[in-house]
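Q: Please put together the full structure from these sequences, using the hints given.
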Amino acid sequence: GDSVTQMEGPVTLSEEACLTINCTYTATGYPSLFWYVQYPGEGLQLLLKATKADDKGSNKGFEATYRKETTSFHLEKGSVQVSDSAVYFCALSRGGADGLTFGKGTHLIIQP
Amino acid sequence: EAGVAQSPRYKIIEKRQSVAFWCNPISGHATLYWYQQILGQGPKLLIQFQNNGVVDDSQLPKDRFSAERLKGVDSTLKIQPAKLEDSAVYLCASSFRGMGSDTQYFGPGTRLTVL
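If you read the protein sequences in the order shown, they are chains A and B.
For the first sequence, the residue numbers in the numbering used here are 3 to 114.
For the second sequence, the residue numbers in the numbering used here are 9 to 123.
Worth flagging that the hints you see were computed from the coordinates, not collected in a lab.
Check each hint, because a few of them may be wrong.
Listed below are the simulated DSBU-like cross-link pairs for lysine-lysine, each with C-alpha atoms no more than 30 angstroms apart in a straight line [unchecked claim]:
no., chain 1, residue 1, chain 2, residue 2
1, B, Lys-52, B, Lys-19
2, A, Lys-79, B, Lys-52
3, B, Lys-86, B, Lys-70
4, B, Lys-52, A, Lys-58
5, B, Lys-70, A, Lys-106
6, B, Lys-86, A, Lys-106
A: See the structure below:
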């Protein structure tokens, strides 16, 4: 079946550091790929998405590129802020009768 | 635009008791999902509705869990009887069409503790 693997956390960085959270997937066909974020005390919200190979999703300074050849969708940001502290989930959907398949989440902690 | 509403936000019950959760999706969204998120894990899909019909309930433990979406709008998820391992956050989400590329919008969740 479908699966998503993302790096274990917590990941602790200093403010203004570069961020990469790795995400790889296993799925048949051509899934859509998502990054969702959960800020402390809040619900899950979409951060960015990409629906076909080589697409780049971007939002709030975060980027991720859909790489079919490596089945990856790594999340990157050039300079993180304390307000980026949250849990980040990579997910995929093949559509139709399929909901989202999530990774386990990566807890990101940004220190001032 | 109002988001996905869920109630209650928290619930504590004893094992073998029953419990029900309610969800009201974003207006006009045809597809509604229930997910179970156990502490330290990503959400897992339990059931997906398209309007008032079930599209996928392959991961719903049907001996104890049931869900309905009457009139294709709001939905209830019930657990009867509850087990200790049902302790989790139950998330409701909705999307406009249910296509793979659609964004799913999540509610705040109901945190269930089974003692």
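Q: With reference to the structure, classify each hint as holding or not holding.
A: These are the hints, each one checked on the structure:
1. B:Lys-52 / B:Lys-19: Holds, at roughly 20 angstroms.
2. A:Lys-79 / B:Lys-52: 27 angstroms, holds
3. B:Lys-86 / B:Lys-70: With Cα atoms ~10 angstroms apart, B:Lys-86 and B:Lys-70 stay inside 30 angstroms; holds.
4. B:Lys-52 / A:Lys-58: Holds: B:Lys-52 and A:Lys-58 sit about 26 angstroms apart, inside 30 angstroms.
5. B:Lys-70 / A:Lys-106: It holds: about 24 angstroms lies between the C-alpha atoms, which stays within 30 angstroms.
6. B:Lys-86 / A:Lys-106: 25 angstroms, holds
In this structure, none of the earlier numbered hints is contradicted; all agree with it.
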